[in-house]
Amino acid sequence: MNPDECRAACLICMGLVLVLSIFVGFEVISKVPARLHTPLMSGSNAISGITLVGAIIAAGTAEGILSIILGTLAVTFATVNVVGGYMVTDRMLKMFKPKKDEGKVCE
Amino acid sequence: MRVTLLINLVYIASAIMFIYGLKLLTSPVTARRGNFISAVGMFLAVVVTLASEDIIDYKLIALGVIVGGLIGGFFARLVQMTQMPEMVALFNGFGGIASLLVGWATYHALGLYNLFIMTTLFLAVLIGGVTFSGSIIAWGKLSEMITGKPVLFRGQTILNGLIFVCALMGGSFFIANPAEGYPVLIGIIILSLLLGVLVVIPIGGADMPVVISLLNSYSGIAACSAGLAISNNILIVSGALVGASGIILTNVMCKAMNRSLYNVLFGGFGAVTKEAGASFEGEVKAISPEDTYYILEAACSAVIVPGYGIAVAQAQHAVRELADLLEENGAEVRYAIHPVAGRMPGHMNVLLAEADVPYEKLIEMEEINRSIANIDVCVVVGANDIVNPAAREDASSSIYGMPIIEVDRAKTVIVLKRSMAPGFAGIDNSLFYKENTRMLFGDAKSSIEAVVSQFKSV
Chain D
1 MNPDECRAAC LICMGLVLVL SIFVGFEVIS KVPARLHTPL MSGSNAISGI TLVGAIIAAG
61 TAEGILSIIL GTLAVTFATV NVVGGYMVTD RMLKMFKPKK DEGKVCE
Chain Y
1 MRVTLLINLV YIASAIMFIY GLKLLTSPVT ARRGNFISAV GMFLAVVVTL ASEDIIDYKL
61 IALGVIVGGL IGGFFARLVQ MTQMPEMVAL FNGFGGIASL LVGWATYHAL GLYNLFIMTT
121 LFLAVLIGGV TFSGSIIAWG KLSEMITGKP VLFRGQTILN GLIFVCALMG GSFFIANPAE
181 GYPVLIGIII LSLLLGVLVV IPIGGADMPV VISLLNSYSG IAACSAGLAI SNNILIVSGA
241 LVGASGIILT NVMCKAMNRS LYNVLFGGFG AVTKEAGASF EGEVKAISPE DTYYILEAAC
301 SAVIVPGYGI AVAQAQHAVR ELADLLEENG AEVRYAIHPV AGRMPGHMNV LLAEADVPYE
361 KLIEMEEINR SIANIDVCVV VGANDIVNPA AREDASSSIY GMPIIEVDRA KTVIVLKRSM
421 APGFAGIDNS LFYKENTRML FGDAKSSIEA VVSQFKSV
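These protein sequences, in sequence, are chains D and Y. With our numbering, letter number 47 in the first sequence gets 47, and the count goes up by one each step, no holes. With our numbering, letter number 369 in the second sequence gets 369, and the count goes up by one each step, no holes.
Next up, chain D with everything else stripped away, as it sits in the complex:
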């Protein structure tokens, strides 16, 4: 393949990944019950911190002062999102407890 064909194939591949992920997302998330919507939100918030991966690449390959500042700031913000998001979701889910025993029934 020449470089142009290669690039086209790469774009189509990414498009495919994008479309399939959207479908999987809708399929899986629409099954999350309303009572877990807050943890879902903070958990998915943590997942959106995946920008950290992009930020690491940007910060690690940066040359020049502006690039370095931008990359490092991006890493910081994304890490807040990831660490905070997962920790607070865990804190919430820890509180969801099942019923211990069956109470008396009224006559």
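What the hints contain is simulated information worked out from the structure, not anything from laboratory work. Cβ coordinates follow ideal geometry from the N, Cα and C atoms, glycine included. A hint or two may mislead.
[Stated by the list, open to error] Think about it this way: if two alpha-carbon atoms lie no more than 30 Å apart in a straight line, the pair counts; the simulated DSSO-like pairs of lysine-lysine are: (1) K361/Y x K31/D; (2) K31/D x K23/Y; (3) K149/Y x K94/D.
[Stated by the list, open to error] Taking beta-carbon pairs under 7 Å as the criterion, some of the chain Y residues facing chain D (in silico): (4) A62; (5) G73; (6) V102; (7) L115; (8) L362; (9) I363.
Once you've looked at the hints, dock chain Y against the given chain D.
Below, chain Y alone, put in the same frame as chain D:
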């Protein structure tokens, strides 16, 4: 080359773990494990990225990770459950600004421009910027640092439209002239930040659940655009998952308020004060804690309907104590949860879980409405609009058609309320005048405690 292959293989594993983690979130039993699996997926993705051959300097990455990790961990430990919406709003904003910065840094370092990269970069910067400043405003409104009331001015929609068109025009220039696009990029960043402020500021505090759901979705879309720009599959997958999740939640919230997204975003709901013209038949019947005790003591089935007022009064624990006493007394006690009870989707469930209420007792609106006519007593604590029968009966009401918990159909309703003041929607509630309704006036927490002490003194 071999490292790149390894990185991409690990990304596939991470994507599987994210999806599987979300799948486990469908039940409270497995949810915690799901979150853990998702976190492991994230950890792997980050670690393997560090192995990339392109990375020349680790010091600043380490600095960013340590500072960010400390701030994130600090927030996560200290935040009150009532403050969850603010925190999620703030974190959405951080996700947005990170995508913007990644887009900017990528452009700065870019040697080879092409149409596709430029377009996705532009989208990452634009959406990231709107998400950031919009989230900061939402955070300010939720934490009451700025007014929760809609801020409206003449020509607002037109101004927003103009800014959006300018941003798009700037975007097309940026995409068409990548080499001299730098000043334009700065302009786009400024416009996107401005746009985020202007679109969120006219939205009232009560509509914030919709807004943070939507911003959640935007933060995903921004990450996804950044992923497309740097050809990174894991960013594309995760961004799309979050985007989908935010859109689903936005939809759930809009349905629960019987409003369209357009109406939420441009309606300025709650800004206009409704004239209190409607008068209701019947009279308001106040009740004492003592008489409340007699009613509850005789009840075989009780349903507690909490609203956000329960959190404001910090009455969750007192309510749980009352419920325990009722159960000891032989009654069946459940909690009816309206989808918009609280400040974000599912918020009330978290607040009650914190007060040790088992999740099986939390019943969703549709389910409780099916059997509510057989319930002996409904206790409404700190809720108003979500139990207003006007949504069913009064076609002229602004909340007409909104799904409600139909407590007025229960045998007896006890409403705990500070005064007769209306709720967020600014409308009077005919429930308070119904034959089977009793009003227990006062602070929710002290009222409940008074009833509890009646139980204990017997």
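ask   = Which hints from the list above does the structure break, by number from lowest to highest?
value = Of the numbered hints, 3, 4, 7, 9 do not hold.
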